[in-house]
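Student: Okay, here's what each chain looks like letter by letter:
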Amino acid sequence: MQLSSPVFIFLAMPLGFLLVRLLPQKYRNVFLLAESCFLIAWGSPRDALLVLLGTAFNWFTAREMISLRSAGRNHYARVVFISGIAANLACLFFFKYSGFAVSLFGGRLPSAFPAAPLGVSFYTFSALSYLTDAKNDETAAQAGFLDTALYLTFFPKFLSGPIVQFRDFISQLHSHPASAQALETGFARFAVGLGKKVLLADALTGLFAAVAAQPFSQLSAAEAWLGVFLYAFSLYFDFSGYSDMALGLSSLCGFSFRENFVYPYTAESFTAFWRRWHVSLGAWFRDYVYIPLGGSRRGNLITARNLLAVWLLTGLWHGAEWTFLLWGLYHAIMLLCEKFIFSGFKQKLPLPVNRAFTFLLVVLGWVPFFSADLSYAGGYVLSLIGAQGAGAVNTHALFMLSQSALWLAVSAVGCTPLAHRAGEKIRSTKYGSLFYAAGIAFILALSAAALLGGTAKSFLYAQF
Amino acid sequence: MDIVSVKPEREETARKNEGQSRNKKSVRAGAAVPALVLTFTMLFGAFSVLLPKRAFSDTENRMLAERPALTFSSVADGSFILAAEAYFTDHFAGRDAWLRLNGIFQKAMGKRELNGVYVGKKGHLFLIPTAPEADALQNIADAVNAFALKNKDVRCCFAVAPNANAIQKEYLPGNVLPPDQKAEIDGFYGLLKNVKTVDLYTALSAHKQEYLYYLTDHHWTSLGAKYAFEAIGDAIGIPARDLSCRRIVAAENFAGTLASKTGLFNVYDSVELFVPETDAAYYVLDPATGEKDGSMYKEEYLAQKDKYAVLFGGNRALTVIRTTAENGRRLLVFKDSYANALMQFMYPYFSEIVMVDPRYFYDDLTPVINQYGITDALFLYNADTLWADTSLADVLAQ
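Note that the protein sequences, when read in sequence, are chains E and V. Just so we're aligned: the first sequence equals residues 18 to 481 in the numbering used here. Just so we're aligned: the second sequence equals residues 277 to 674 in the numbering used here.
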């Protein structure tokens with residue numbers, strides 16, 4: 018079940034919260050597991066079944082691997098480990114990449130081909146993290162079946178992350194009381210995240226859709242540029258809003274996970290950007306791919322290879338399309354340039370200039386990301402420089418600009434820590450917490466209105 | 277003591293959860309936020325589930341979702357879950373108020389295109405126009421021409437009414453180009469043969485400062501219909517301009533289809549009815565049921581939301597108006613809902629008027645023409661509907 022669905026927000030969430038608080042400590046984890054499984058089944062009973070099978074498989078694989086190792090048969094343990102990894106990746110490949118692979122040979126999948134379970138990318142990466150951490154980490158290896166199942170199905174993060182690593186989860190599992198502070202932060206974060214998603218991201222997506230609906234012959238440069246900014250903001254608020262909701266809910270359950278978005282559009286370099294955007298994915302690739310490949314410790318050439326591999330995989334993780342690969346490649350090139358060519362030069366420039374430049378280049382990088390195929394991406398880039406014959410500005414561009422102005426202003430502020438700092442300042446004054454609560458209520462009310470009034474829009478990242 | 281605000285971001289690894297880093301200072305954890313969020317969600321959740329449900333939404337002008345049946349197969353294939361979510365959202369407590377709040381918010385934030393409607397100036401709402409397609413138009417024209425050819429004894433006339441987005445274009449939102457409906461309509465008329473055409477665009481433009489179209493609904497007012505009637509009367513040879521009418525304001529709080537689509541209920545329309553001062557009397561007959569009604573005005577609709585339906589109670593496949601006028605002229609009208617307002621003025625000039633709405637009419641036309649002894653045929657459509665229409669050509673082909 019989507020975290021932004023009214024049934025979740027108004028029924029499942031409050032009921033679940035109350036039950037967790039009322040139940041004695043020792044039953045809480047089991048209840049959370051039950052709730053998580055129920056919510057997956059609510060989205061799709063078939064998916065729940067697949068998750069159950071997958072969890073059982075991964076659990077037994079880990080058990081086998083651990084018992085082989087403790088018996089000293091390390092070679093076989095490694096074989097079991099590799100098989101487990103391969104099996105998970107094979108499932109992911111089957112559901113997500115069969116179509117792409119088949120199209121490379123000019124074919125097409127039959128229409129009866131099963132649809133990918135929602136959250137399959139996140140689930141698979143969690144499973145891989147589980148197997149790897151079970152192999153390397155003693156505490157992780159001792160986790161019971163129910164604990165492992167809870168990790169793999171945990172409802173705040175199941176559909177769209179953050180990709181919490183197993184060792185980070187399991188270390189908190191035995192005792193995770195939610196302090197009063199965590200409750201306040203959790204609920205506030207949930208509400209703010211919902212507002213980011215439903216108030217900002219949905220509106221921006223709607224505006225972007227109007228821009229993207231223009232045929233290239235009528236898409237003036239001004240409108241094309243407006244489009245990239247609209248998309249850049251909508252993607253950020255959609256995904257970071259969802260992460261806020263997920264982290265807020267996790268807080269309510271007493272868990273504390275790493276931040277997934279740390280104001281990425283204020284980054285002053287691509288390197289910094291990737292420490293701020295979808296942090297959990299970057300960390301996953303760093304810990305499970307980049308470092309095992311040698312990281313940056315085996316000379317420049319290997320480093321370059323590793324960077325390229327990781328970013329192509331990152332692109333591919335988002336979808337089985339050439340456009341995502343192009344996007345990954347773009348980021349890889351930018352990172353390599355920064356690391357090997359421009360590092361000295363960048364340090365001489367003032368911070369605001371670096372930030373502006375990075376922001377611009379990152380925003381441009383979204384063009385292949387939102388394009389259905391490479392030719393659309395190419396056409397759009399031509400529109401950006403007015404080379405499609407529609408000129409610099411036209412009436413429709415002015416119409417879209419006038420509609421978007423306020424949204425852009427709010428978005429720009431929302432990308433910086435300003436709003437958060439202001440909120441904290443208000444909250445810390447004498448009657449501030451009441452104002453703060455009123456503000457949260459206001460956001461919640463507007464979000465309810467938008468949810469009911471708008472056409473249902475899933476998270477942009479829900480397809481991954 | 278001042279609270280330490282969040283430190284400026286550094287470029288190292290991402291920070292841990294905010295809650296942990298802030299607890300050094302004396303930020304007292306307030307119970308206000310959790311209490312508020314929980315109360316809000318639980319109250320609305322409970323009310324949405326427990327309160328009695330209605331079947332139809334006036335505000336949105338549609339049937340609301342029905343309670344889904346819980347069966348094994350519907351759960352297994354996921355249809356129950358989708359239906360349950362739709363059921364919950366459709367019957368959410370205070371839904372109408374929430375939709376209005378959303379409309380206000382979207383408009384305040386600058387949106388001028390909401391759900392297929394332009395949010396214009398001074399409360400005017402406009403349907404976003406559809407552009408005509410050459411093939412579709414040719415199809416319709418061919419069918420009409422064939423009809424005229426087949427029924428040589430029937431005098432045919434085609435009148436396309438322009439829409440508010442063309443006539444009252446100064447109220448469109450800034451930087452929105454109005455459709456060139458004059459050119460579109462003239463282009464369509466050029467395809468017709470042996471059919472009289474009426475230039476309603478010029479007729480209505482001459483009065484464009486008047487209250488010709490509802491602000492919140494996609495229909496024209498009775499006043500707009502009256503000016504159209506005068507132009508049509510000239511074309512089909514009735515002394516339309518001699519007709520005087522009594523004007524009655526039937527309702528002053530009409531919020532139409534466009535208000536529903538946008539959730540904007542800040543202005544209301546008044547519904548005026550025109551009663552001709554004539555000796556001719558009439559009754560309305562529904563051939564399907566045999567029911568007779570002494571008036572084309574269905575007053576019960578004035579108490580409901582869709583007040584435009586005061587005219588005939590909406591659209592039906594076939595409606596007959598029998599009058600005491602004895603000139604022997606019998607009119608067949610092919611129509612969309614715009615013609616409903618026109619009949620107020622037409623009835624004194626025909627012994628019988630037969631209205632056919634091709635969207636609901638599935639029978640053969642020829643028996644109808646013979647049965648009623650049709651002498652005149654009028655095609656009356658508004659441009660937006662006609663450009664998207666597919667049923668007229670089909671009905672004419674029978």
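Any given hint could be a false lead.
[Said to hold, decoys possible] Okay, derived cross-link-like pairs now, SDA-like style, lysine to any residue, Cα gap no bigger than 20 Å in a straight line:
| # | chain 1 | residue 1 | chain 2 | residue 2 |
| --- | --- | --- | --- | --- |
| 1 | V | K383 | E | A226 |
| 2 | V | K568 | V | R598 |
| 3 | V | K383 | E | A426 |
| 4 | V | K397 | E | S419 |
| 5 | V | K329 | E | A226 |
| 6 | V | K445 | E | N411 |
| 7 | V | K537 | E | A226 |
| 8 | V | K445 | E | A426 |
| 9 | V | K329 | V | S349 |
| 10 | V | K398 | E | A426 |
| 11 | V | K581 | E | L418 |
| 12 | V | K397 | E | L418 |
| 13 | V | K574 | E | A226 |
| 14 | V | K581 | E | V427 |
| 15 | V | K383 | E | L28 |
| 16 | V | K458 | E | K152 |
[Unchecked claim] Not everything, but these chain E residues come out facing chain V in the computed CB check (under 7 Å):
| # | residue |
| --- | --- |
| 17 | E201 |
| 18 | F204 |
| 19 | A321 |
| 20 | Q420 |
| 21 | A465 |
| 22 | A466 |
In short, the hints are calculated from the structure, not lab data. Fair warning: this is a prediction, and the values are worked out from it, not measured in the lab. The C-beta atom is built at its ideal place from N, Cα and C for all residues, glycine as well.
Student: None of the hints should be skipped; say for each whether it holds.
Tutor: Status of the hints after comparison with the structure:
Restraint check: the Cα-Cα separation between V:K383 and E:A226 comes to about 18 Å, which is no more than 20 Å; the hinted pair holds. Taking the CA atoms of V:K568 and V:R598, the gap is near 10 Å; set against the 20 Å cutoff, the hint holds. As the CA atoms of V:K383 and E:A426 are separated by approximately 16 Å, the hinted pair is consistent with the 20 Å bound. The suggested pairing of V:K397 with E:S419 holds, with an alpha-carbon distance near 14 Å, which does not exceed 20 Å.
The hinted pair formed by V:K329 and E:A226 fails the criterion: a straight-line CA distance of about 35 Å is larger than 20 Å. Taken as a hint, the V:K445 and E:N411 pair is honoured in the structure, with Cα atoms around 19 Å apart against an allowance of 20 Å. The straight-line distance between the Cα atoms of V:K537 and E:A226 is roughly 19 Å, inside the 20 Å bound, and the hint therefore holds. For the hint linking V:K445 to E:A426, the alpha-carbon distance of about 30 Å lies beyond 20 Å, and the restraint is violated.
The straight-line distance between the Cα atoms of V:K329 and V:S349 is roughly 26 Å, outside the 20 Å bound, and the hint therefore fails. For the given pair, V:K398 sits about 25 Å from E:A426 by alpha-carbon distance, which is inconsistent with the 20 Å threshold. Between V:K581 and E:L418 the alpha-carbon distance is near 35 Å, which puts this suggested pair outside the 20 Å criterion. Simply put, V:K397 and E:L418 have alpha-carbon atoms about 17 Å apart, close enough for the 20 Å limit, and the pair holds.
Note on V:K574 and E:A226: the hinted pairing is violated, with a Cα-Cα distance of about 42 Å set against a maximum of 20 Å. Under the criterion of a C-alpha separation no larger than 20 Å, the hint pairing V:K581 with E:V427 is inconsistent with the structure, at around 36 Å. Restraint check for V:K383 and E:L28: the C-alpha separation of about 30 Å exceeds 20 Å, so the hint is violated. Annotation: proposed proximity of V:K458 to E:K152 is violated, straight-line Cα distance about 76 Å (limit 20 Å).
Because the beta carbon of E:E201 sits about 5 Å from the nearest beta carbon in chain V, less than 7 Å, this interface hint is met. Below 7 Å, beta-carbon pairs count as interface contacts, and E:F204 has one with chain V at about 4 Å; its hint therefore holds. Violation of the interface hint for E:A321 is found here, the shortest Cβ-Cβ separation to chain V being roughly 22 Å, above the 7 Å cut-off. For E:Q420, the interface hint holds, the least distance from its beta-carbon to any beta-carbon of chain V being 5 Å, beneath 7 Å.
At about 6 Å, the closest approach between the beta carbon of E:A465 and any beta carbon in chain V falls short of 7 Å, and the interface hint on this residue holds. With 7 Å as the threshold, the beta carbon of E:A466 comes within range of chain V, its nearest partner Cβ sitting at about 4 Å, so the hint holds.
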